[in-house]
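K.L.:
The lines below spell out each chain.
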Amino acid sequence: MILRRPFFWIILLVAAGFVYAPLHGNNVSLREDLILIAIAIILASNLNLLIGYTGYVNFGHIVFYGLGGYVGLYLTTVRGWNLVLSALVAGVVVSVCALLFGLAILRLRGAYFALATIGILQAVQAFVSNFDPWGRSTGMYLSFNSYQSLGGARHALWITYFLIIAVMALSMIVSLVIKNSKFGLGLFAIREDEDAAVVLGVNATVYKAIIYSVSAFLPAVAGALMFFKNGMIDPSIAFEYMLSLEGIVMLMLGGQGSVIGAALGGALYERLRSYLLTSPVLSNFHLVIAGGLLLVVVLFAPGGLIGWVYRLVPRARKVIE
Amino acid sequence: MSTILEVRGVSKRFGGLVAVSDVSFSIDEGEILGLIGPNGAGKTTLFNVVNGVYRANQGTITFAGKDITRCSPDQVVHLGLARTHQIVKPLNDLTLLDNVTVGACFGREYLDMAAARKVASEVLQRVGLERTDMMARSLTIAGKKRLEIARALAAKPKLLLLDEVLAGLNPTEVASMIALVRKIRDGGVSVLMIEHLMQAIMSLSDRIVVLNLGRKLAEGKPDEVVHNSGVVEAYLGFPDAVHKLTLTNKLTWRK
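Protein chains in written order, with the numbering used here: chain X, 62 to 382; chain V, 962 to 1216.
Rather than coming from a laboratory, the hints here were simulated on the basis of the structure.
Take the hints with a grain of salt, since some may be wrong.
[To be verified] From chain V, some residues computed to sit far from chain X (all C-beta separations above 10 Å):
# : residue
1 : 982
2 : 1006
3 : 1035
4 : 1139
5 : 1184
6 : 1195
[Unchecked claim] Below 16 Å or equal to it, Euclidean Cα-Cα: the simulated EDC-like pairs (lysine to aspartate or glutamate) are:
#  : chain 1 : residue 1 : chain 2 : residue 2
7  : X       : 243       : V       : 1091
8  : V       : 1117      : V       : 1070
9  : X       : 379       : V       : 1094
10 : V       : 1079      : V       : 1091
11 : V       : 1182      : V       : 989
12 : X       : 243       : V       : 1073
13 : X       : 290       : X       : 94
14 : V       : 1105      : X       : 254
15 : X       : 379       : V       : 1054
16 : V       : 1119      : V       : 1134
17 : V       : 1144      : V       : 992
Think of the CB as a built atom: it goes at the ideal place given N, C-alpha and C, for glycine as much as any other residue.
Chain X with its partners taken away, still in its complex shape (with noise of 0.2 Å):
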């Protein structure tokens, strides 16, 4: 059972921790931080399912996150619905765009699949960028009224970030939950030989299809809650190409495959970003910083920070997830 596993009371604690360090002293700067850290593991924990699981390329990761945070935005401002159902429903919709998309697209192996993904990605930002209802390239604001029924702005925006946390640690126990359910090993044959796979019992088809919607559900959620906190978003903001890159460094820089190698690269990575882009010399150097370190990471640890330990010592492989 999940509850036996010592990596699930890890995540809760580590989940504890992001919660207490900024309430501690009301450090406001500190939230800060750590929301972009949660985010950075949300989205590289969910691409690790398609990426490190299943061994399908997603460059398009991003679009569940912006159309989340679109959904989401639209029915808090618009619709004046509260901030957690509509993460919800942001969720739902967003899995079931992606499950369609699945189905369409899923068809197509290794790099054809790749450049379907980044297709989509586009596809969905010019839809979203001449949509009327969702205020077309100008994008949408929220309304300072959605921060009342949470009992004010700076009231609200602790509740979001207790959220976010929240989704952080689901990201991770979805990850190891599957890791080591039937349908995760069914998604690992896949990654090693979808062939085989096949001959051996398991439904890809399905299998995929499920795998690409539910690796959608949470970076949605996330994006709705994310975007809420930042009163406003647009088709630029929303769908980021350069994040979805950026996503695939921190799989690649942490391990994919592994539950804590995902989260660790996402960190790592968000934190090493961060540093750059505030430092006065390194400003906007950060892309080709990450350029570098995925080089380095591809040429000499190919399995990243995770890999790299379980080379050293094999017997890792089964503790660490």
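Given the coordinates of chain X, work out where chain V should sit on it, guided by the hints.
P.N.:
Only chain V this time, still in chain X's reference frame:
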């Protein structure tokens, strides 16, 4: 004895190329049926049609009383028809135990993880693979062939399709593989096997089907088949080749 698999009038075309043409045969329960033929005769294509990787253009395939002509490979496995690949397909980055657990999890009994692991370690022991926590990529070719068989067996099949499990093995490995195939049959599993190694297939099979250029050329007991003039022609070029070869040998020997 009742029939486990019946293939009736099956054809498979790839564009203009007819790979398998109007082939019919059947396998009884507990039988080992050998499938032989020169390279390009359509043996592996026939396997792929039977287990659903390809869809037959014509004909029907009945397995254990069910029509499986239009089934996909994963559905076929659930019914109890498992196979190995001529070109081995190990799940490289998974351990041997995980490899075989996949077979048990998604096989005929559709076991849950705990039960599947138990079956997997039993099967691994049965086929003689001991270091079950090893990565599949680091196995030798003989080991990978055993792994293929183990994965297929873990699905608890009623019929096992073996595609050239002896190819590329050394004589010792061949001998132990033959013993393994016998053991599998004695465990109540019917076997359909493609093999190029004549001595092995002659001694193992109860009956043999010969394919040539996609058509069935002959069918019968091993010793009937080797003396069939059509079979000899397909393999050696002309019908009385055997006779002539022995004659030439005698002449040279006399000199």
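K.L.:
Hint by hint, say whether it matches the structure.
P.N.:
We went through each hint and held it up to the structure:
1. 982: holds, 24 Å
2. 1006: holds, 15 Å
3. 1035: violated, 5 Å
4. 1139: holds, 24 Å
5. 1184: Check passes; 34 Å lies beyond 10 Å.
6. 1195: Correct as stated: the minimum Cβ-Cβ distance to chain X is 29 Å, above 10 Å.
7. X:243 <-> V:1091: violated, 23 Å
8. V:1117 <-> V:1070: holds, 7 Å
9. X:379 <-> V:1094: Since the Cα atoms of residue 379 of chain X and residue 1094 of chain V sit roughly 10 Å apart, the hinted pair holds (cutoff 16 Å).
10. V:1079 <-> V:1091: holds, 14 Å
11. V:1182 <-> V:989: Within the cut-off at roughly 14 Å; holds.
12. X:243 <-> V:1073: It holds: about 7 Å lies between the C-alpha atoms, which stays within 16 Å.
13. X:290 <-> X:94: The given pair, whose Cα atoms are some 14 Å apart, holds under the 16 Å limit.
14. V:1105 <-> X:254: Given pair residue 1105 of chain V, residue 254 of chain X holds - Cα atoms ~14 Å apart, limit 16 Å.
15. X:379 <-> V:1054: holds, 14 Å
16. V:1119 <-> V:1134: violated, 25 Å
17. V:1144 <-> V:992: holds, 12 Å
Comparing the model with each numbered hint stated earlier shows that hints 3, 7, 16 do not hold.
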